[in-house]
Structures are given as structure tokens and as C-alpha cells.
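S.K.: Single-letter residue listing:
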Amino acid sequence: MNIKKNIALSDSGYLFNPSSGESFVVNPIGIEIIDLIKQGKSFGDISKNLLQKYNTDEATLEKDYFDFLNMLRINQLINDEEKNN
Amino acid sequence: MKKKTINIAISGLNAIDSPGPGMAVARGLREAKSLDVRIIGLAYDTLEPMIYMHHLIDKTYQLPYPSAGTDAILSRIEYIHAQEDLDIIIPNFDAELYSFMKLEETLKKMGISMFLPTFEQFEERHKINLSKFGEKYDVTVPSNLGIYDTNEIPDETELTFPLVVKGKWYDAYIAYNKEQVKTYFNKISAKWGLPIILQEFIHGSEYNVTGLGDGKGNTIAAVPMRKQYITDKGKAWAGISIDEPELLELTHKFISATKWRGGFELELMKNQENKYYLLEINPRIPAWAYLSVGVGQNIPEALVKLALGEKVTPYSNYDVGKIFIRYSMDMIVDRKEFEKLSIDGEL
Amino acid sequence: MEKLRYERPTLKKLEAGMPGKFGMPTSLQPTTHIDGVAVKELIDEYGSPLFVLSEQTIRSTFRKAQRAFSTRYPKVQFAWSYKTNYLSAICNVFHQEGSWAEVVSGFEYDKAIQHGVAGEKIIFNGPDKTEKDLAKAMQNNSLIHIDHLDELYTIIELTDKLNVKPKVAIRVNMDTGIQPMWDRFGFNFENGQAWDALNKIMHTNKMDLVGLHTHIGTFMLSANAYGVAAGKLAELAIGLKQKFNHEIKYIDMGGGFASKNTLKGVLLPGYDISPTFDDYAEAISTALLNANFQQDHLPLLILETGRALIDEAGSLLGTVISNKRLSQGKRTTIVDVGVNLLFTSFWYEHKVTPAQPFSQYSEETTVYGPLCMNIDVLRENINLPLLNKGDHIVVHHVGAYNMTQWMQFITLRPKVVIIDMEGKTHVIRENETQESITSFERMPEYLRKFD
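The listed protein sequences derive, respectively, from chains A, B and C. So the mapping is simple: my numbering equals the position in the first sequence, first residue as 1, plus 709. So the mapping is simple: my numbering equals the position in the second sequence, first residue as 1, plus 51. So the mapping is simple: my numbering equals the position in the third sequence, first residue as 1, plus 990.
Same shape as in the complex, but just chain A:
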């Protein structure tokens, strides 16, 4: 699984999907997560990374992470075929 290659995400959080023509806004922690996914980090790594930085617990983070991932998936911003790469 990875973020589709042609997705453009600017520092301001503006995300553009050239294949669908849709625009989105992502909040800062969302940008961080997308960047980490792009780097090929696993959920374990991402979770560890974020728990060090933010004041929250693992359960909340896990729930929110997979919800976010699901929203990326619903909006076709994720390429699931690349899962095994």
C-alpha cells in the first residue's frame, strides 16, 4: 500500500488528485502521516513516531490512523496494489 504517485501535496496541506480532479485540505498531522506512508513506514513505525510527539494514547491513534487511511482509500488516494512492494 502506498499513496498514489501522482498525488501532489503542498506544505500548506492542499492536496490535489490529478486523476480525479478533486482537491482536499489535510491538517498538519495528516500531512505528517502521508509523508511517513510515502517513506514506506509501517503503522508500527508511524505510531511510535507520533506517540513520541503528541499527547495521546495508542488506542486513539490507531483508531484515527485507520479512519484516516480509510478516508484516503475512499477518495482513491491510495494504491493498494503496491501492497507487497
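Incorrect hints may have been included.
Okay, derived cross-link-like pairs now, DSS-like style, lysine-lysine, Cα gap no bigger than 30 Å in a straight line [unchecked claim]:
{"no.": "1", "chain 1": "B", "residue 1": "Lys229", "chain 2": "A", "residue 2": "Lys713"}
{"no.": "2", "chain 1": "A", "residue 1": "Lys762", "chain 2": "B", "residue 2": "Lys391"}
{"no.": "3", "chain 1": "A", "residue 1": "Lys747", "chain 2": "B", "residue 2": "Lys391"}
{"no.": "4", "chain 1": "B", "residue 1": "Lys229", "chain 2": "C", "residue 2": "Lys1254"}
Label-pair restraints from in silico Cβ distances [what the hints assert, rightly or not]:
{"no.": "5", "chain 1": "B", "residue 1": "Asp109", "chain 2": "A", "residue 2": "Lys747", "range": "31 to 41 Å"}
{"no.": "6", "chain 1": "B", "residue 1": "Tyr378", "chain 2": "A", "residue 2": "Lys750", "range": "49 to 59 Å"}
{"no.": "7", "chain 1": "A", "residue 1": "Lys750", "chain 2": "C", "residue 2": "Pro1020", "range": "28 to 38 Å"}
{"no.": "8", "chain 1": "B", "residue 1": "Lys286", "chain 2": "C", "residue 2": "Gln1284", "range": "57 to 67 Å"}
{"no.": "9", "chain 1": "C", "residue 1": "Gln1284", "chain 2": "B", "residue 2": "Tyr130", "range": "49 to 59 Å"}
Rather than coming from a laboratory, the hints here were simulated on the basis of the structure. All C-beta atoms, glycine included, are put in the ideal place defined by N, C-alpha and C.
Keeping the supplied structure of chain A fixed, place chains B and C upon it in accordance with the hints.
M.R.: Just chains B and C, lined up with the frame of chain A:
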């Protein structure tokens, strides 16, 4: 002598198929010989076309919707004022006028002038009060009923179909039976709230007058127009300036009786017996007001001068038989512009 | 290193006509404190949910109303509408401010007496006054506002039995140009019912007709309607003077003034469109002063304003239970504040603010209450900052009707506290316990056992 640049904020940048008046106002101001202006756009939606027309609008800021409350609007204007040193705001949407009227004194203290109707004028001419208005000022109006619930729709036998179902702020549909009245009631009230107005349908041809009152009963400008082509949204796509003393008379009477302050539009219907019915009074400059500029009465320019407290000589003439024809055009905009507006709220 | 405040990741699609804008700083401010007391501390100490009333807001609102009327009209008296909020502490704040009591049942009447309100300062309204209630009110010299003819006849009978001459007024309903017209209470002005009742009262000579009362509606967004109503009552009063040479002592304009809440289906927020006390006062006093009363014979003006005096003073604190997503992706937040406590959420778009700081990011959210019932919706659609489980929220302007119309349903009702003028907090109603509900129940012997 170089003229001082006046910073004017305008709304109504939605130059779409049912357009806001921003285009007419901006062009009138750009063409005003007596003014040097910087035009600041106030936008609600990120796709209002004029945001991206930089030859007309120097800079655009997004504004919270009126439903966010005057506090939210004021704090946004304070921010814009700090960047742009505004002299004048010309609000061009019906739905935002109430909020701006409410803010008029506060904005005045900040050095921002407007030229708006008073609360009394605004309320009195409201669709829901049209019958009373007609009685008070002796103007013929169609019969009118404001309702708050579908239960209040009179029995089919008491209604004459077709009738017009209107929203408090926008939208009007023609209904041919009670079921349709209910449907439109729900449709409009979901969007614009209550009450819903049921109005007698007058068969005939549509005439409009746009004008400007100085708040003391004097007519500063008045241009009557006959609609020549009407879109499926009921908007004039083409119209012609006409010489009709009866309409001018009615306009003078309206202005002197109400001491109307600001721009306005009278919507009238002339029936088969050549009798004019006043259907609606819009308390702002209409989208087709560029015709007034084109026939020699620059209403936006005169309004700015009134707002600045300058003496304005009333226009007395206009060219008769000039036609306005609206057209649409596509422009090409880079995604970066949309991105900047979406993220920063300004462009 | 101190950790950053966590906020869940969000992805928001940009759509034309989208009401919540990103680029603009939200105008919403967190409500971290109420009258200087931290929301978090209130919840830690008294639990969540929690009703909080601000004595400061009650008194300043009352004084604003008092000033609006007394600067325009020489004789003004407020009577606290018990049904709006009859918690004893709240009633007494109003009584300390000089309010009489306005009650609509035997229960409320007894409550006013319990509070120590003198009988002659209790106005007894409403369609359901039992014979016992009426007798008590007559003996206490209270002001009885007659709602219907059956009540009038009961009073006439009682005057003989008790040998007292009660002080009465009639409630009048009328067309003030406002829809819907409240014609279910009292006697109609236009069709002559009001005069019929007045004639009966005057001819029997068994009652002391002291006033005229009306109450034209609720949450009235038009101040002018009150002017029309005051004019019509004045017309009746002057008619009584002409016909019977009888002078009434007061005109009671009832209540119905709008608060700053936003009604559902109205585009602009109540904060912007609700008339002010000055607007209402101007309409009413102008109508009374312009009526043909003799200069020094102006009737006392009584006002039974409830909602507009107390709504802004009440807040309901709550806590986020969970954030969820509906099947179509719609964001929802479940809080521990439900319609069982917030009856008014059926007709208001209540303002809800987080009680802790938040970023400019927000989501279109449905806010649900905690009840396992589909109707339990606090806000159908609100652009809410990103709240975490356990975060607190403040629902604003809940002082009117909620603490009387709330229901014990599914769960128990919470504490109510008041923050006094010095910023000290006092419990004015304890939370319910299992015992407070079950102690009313009785178990027939044969139902005690089961396997």
C-alpha cells in the same frame, strides 16, 4: 491633480448564470471618470468567477456567511481593513444586507462608509410586507400571503392557480396546484428559512427599474428597462432601456415617499390592461445595472460619492433604446490560484 | 519535552459552496471558563454533564430589561415566569431583584408561597386551576387571571362560599398580525368574547377587576406585535372606564420575548435578529403612552418575561464519548448531553463550543446525545473543531425551559450549579440517584420473584 485612490470592497462576485451584481458594480466603478478606485472582492464561495478576474478585482477575501453572525463578519472585516484600509463597502447580496446594516455604525467608526437603506425601509419593502407597503404608498401589488407552515396553505378552492411561491431571500417557483405549493414550500424553506410567500401570479410582461435614492427623498438615478429575454432562472439575459413616464413617476413616488437610501431595483409586471403591478423591491443594485452605466447614469459611482458624503447632482437623462445583452465566457485559471484562495482565504 | 496537543488527522474535500472555509480563521473561541471558573474544574468537581447558571448574567440581564422599560414608562413590574425555570435558587435571584411570581399550576403556586412570595404578588395564570387552587389564591389575595368562562363561574361560586372578593384579570387573545395566532388561551378581542367576560365580571359585582392580561406568542421576533397588543388592551381599559367608570390597575403584557438563541429554519443567528429589550419596551410603552389614559392614571405595566431573562445565563457542560463515522463517511460525535436534558435542541440550533483550545481545522459533524434513541440529536450539522474523546464541550444559552422540561429518561439527571457574584460555585439541585427514581416505585408481592 491626482485623485486619491478609494478602496472599495464589493461582494456579489458570482458572475454565473444567475449572477450577483458585483460585475456591474465593479465595471461602473472602473469606468467612473471622477474616481480612482482599488476594488477589493468579498467572496463566499471559492469558485465565484470574479475572484479570478484580476483586471476587475484587485484582491479578494473570503467572508463568513451571514449565518455565522455579525461578530464573525466584523472580525473578518477588521482583518481585511487592516490590510486594505477600506473606505467603502458595497454589499450586493440580499441575504447579507441585514448583517451589514447592523454593522453600519461600527464600520463607520472604523472609517468604512456604506450607503444602505434604513432598517425601516428594509423591513417595509420586504416581500412578506408587500401588501402593507402597497397600501401605505398607494402602489398596486399582487395579493400576497406569508406562511410559516404547510398547514397554513389555504384550501385549493381559495387559491387561484398558477401562483408564485417565493422564499424570504431568494428563489421563486410557479405552482399549479396545492401539492406543488407544498413541494416548493419545503424546497425553499430548507434553503432560505421561513416564511414562504404565496403571491398572485400576474400575466404580462416584465419591467424593471434600477435607481438610487439619496435618503432625503430625491432621485439621484432611475433607469427603466423592459426585459427582452429571460433565462429559465427568471433572470434578464437581455433588456432595453425605455422611455416610460409612468415608471419614472412610480419610481420618484417610491423614493420620495420612503426617502429611500441607496441603490434599489423595482420589479414590475404590466398586465394586459397596461396596469403595472409592483412585484418586488430589491434593496440593492441589480445585476443588470451596467445598463444604467451604459445609458449615462453611473449608479455605482454616484453611490460611492453619496457614501463619502459628497454632493451629487441627480442624473436627469439617459439613452433610450440601448440594449444590454449578457454573455458568458470561460476563463482559464491555474490550480495554484484556487489553492491559494482555499488555503489562505484570500487571493 | 512536553508533547503537542493531539488532533486527529483529517482529509476534507474542497467543494463549491462549502460552508466551512479553511483559509479563514474560525470565529469560534473555546469556552474554557464561565464567569472565571474553569469548565474543566467544574466537571472534575461536579461531574459531567452539568448545568451551570451565571448569577452575574441573570442579574445584569434583568437590570438591562428593567432599565429598558422603566426609562420609557413610569410604572413597571416584572413577574418571574416560574415555568421557564423554577429552581428555587433561580426564582429567588429574581425575587431579590424585585420580581413578583407568575405561576400556571397549583404546584408552581405552592412553590412561590414556599419561597416566601406574598400572596398579592403572585399572578396565577393558565387554563388548569382547580377549585382548591382558586380558593387558596382567593384567600391569599393573589391576582387570578381568568382563562375561560368555566373558570369564571367557578370563581363566582367560590366568592359566595368563601365570602371574599377576589382580585381578577382576564386573559385576552387577539390578532396582532402574527402567525400563528395564540387563540387557545383566554378570551378573544376581535369577536367580542373579551367584552362578554368583562361585562359578566362587572355586572356580578363579586370580583375586583384589577387588570387585563395578554400573552401573544412565544419567541416573538417582531417587537411591533407587542405595540398592537398593548394598544388593544388599552382600548379595553379605556372602554371599561367609559362604560362602568371602572379603572383597572394594571396591564400585563405577558412574555414571549425572544432570547439570543437561533431558531431552526431561520437563516440569521438569533444573536443578530432577536429584538432587544429596548425594541420591545419602545413598542409597548409607545402604545400605552399614546392611548387615551389620563396622565396620572396610567396603569401599571406588568411583564412576565421568562426566556429572554434566563436563557443566556445557562450553560450545559458535557464530555465527548466517541467520534464515529456513518456508513456514508459522515463524521459524528457522541457526547453525554442528550435531548433528555436539552429539550430546546428540538427547536434551536444551539451554539456548541469546545472547552479547550483547538486548531483552525474543523469537520462537518452531527452531534448525537448518549441515549440509545434515534431522536437524540443535539445538532444535525455543525462545523466543529476536531474534538478528542474526553474533551469537554459547552452548550450555550440553555437557561430557559430545559431545567423544567427535562425528563428522566434512560439515565439520571445531573447536578445544577450556580456561580455567584463573587465567582463561588453552589449546587442548587443535586443529581438524581437510583434511589430518587426507584423510591417512587412499588412492587406487588407476586412480581417479586423470578427464576
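S.K.: State the violated hints by number, sorted upward, taking the hints as numbered earlier in the document.
M.R.: Checked against the structure, the only hint that fails is number 1, while the rest are satisfied.
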